[in-house]
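At the far end of the sequence shown sits residue 254, using my numbering, and the numbering has no gaps.
Think of the hints as simulated: they come from the structure by calculation, not from any bench.
Now the in silico label distances, taken between C-beta atoms and shown as ranges:
id, residue 1, residue 2, range
1, L189, L211, 28 to 38 Å
2, I248, Y79, 28 to 38 Å
3, G190, L160, 18 to 28 Å
4, G190, R236, 21 to 31 Å
5, R202, V157, 30 to 40 Å
6, L120, R236, 23 to 33 Å
7, A232, A81, 53 to 63 Å
Here a beta-carbon is modelled for each residue, glycine too, at the ideal position from N, C-alpha and C.
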Amino acid sequence: MVEPIFDDVLIRNLNVVPVALTLLVLYLAKGLCSYLSTTLVANAGQRAVTDLRNRLYGHVLNQSFTFLRRNSTGSLMSHVTTDVEKIQTAVSEMAGDLLKEGLTVLGLVLVLFIKDWRLAVLSLVAMPLAFYPLVRLGRHLRASAETSLRRWRDISEILQETISGFPVVKAFGMEGFETARFRRAASRLFHVNMRITRTTAF
53 MVEPIFDDVL IRNLNVVPVA LTLLVLYLAK GLCSYLSTTL VANAGQRAVT DLRNRLYGHV
113 LNQSFTFLRR NSTGSLMSHV TTDVEKIQTA VSEMAGDLLK EGLTVLGLVL VLFIKDWRLA
173 VLSLVAMPLA FYPLVRLGRH LRASAETSLR RWRDISEILQ ETISGFPVVK AFGMEGFETA
233 RFRRAASRLF HVNMRITRTT AF
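Construct all of the structure, not just a fragment, from the sequences and the given hints.
If you want it as structure tokens, here you go:
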């Protein structure tokens, strides 16, 4: 009575071992792929941003005095620091998402071909139609991101002007005026960033 039960449990456990090992291997492979994806994308993004920042700084130094008079110090500093950093963040996030989603789509297509090649072919034909809304969304996000960068530059300019001209602000009692100006700039940035958030939430 006990022996058949023991044998049955032992056989079941033996069948579980390969499944457990397979799951462990898949989990480790997933972690390795995630690590490689993150580090490779970050490396590429950081290298691109470093090169862009160096080129931009050299470009600014080669400009004429007229150019420097037309552009405030805060605006130029924002171009070299904040703008480039935001580009790096956007590129890294988008590249990582594209890599992950691309591998997911490739895996799904392979599964479809194994299960039903006709359905897989139909899916490949319909795929361009699915990408059209994504292209439109990408253009909208790019326009919003450019607006966000301009709003960041506005804030940087206000900060630079206020801090460098602090004695003048205090002497003429312009604290209220400068505070209101900063709040308007911060509010515009808030609304742009919320528009980006609502768009990406889909």
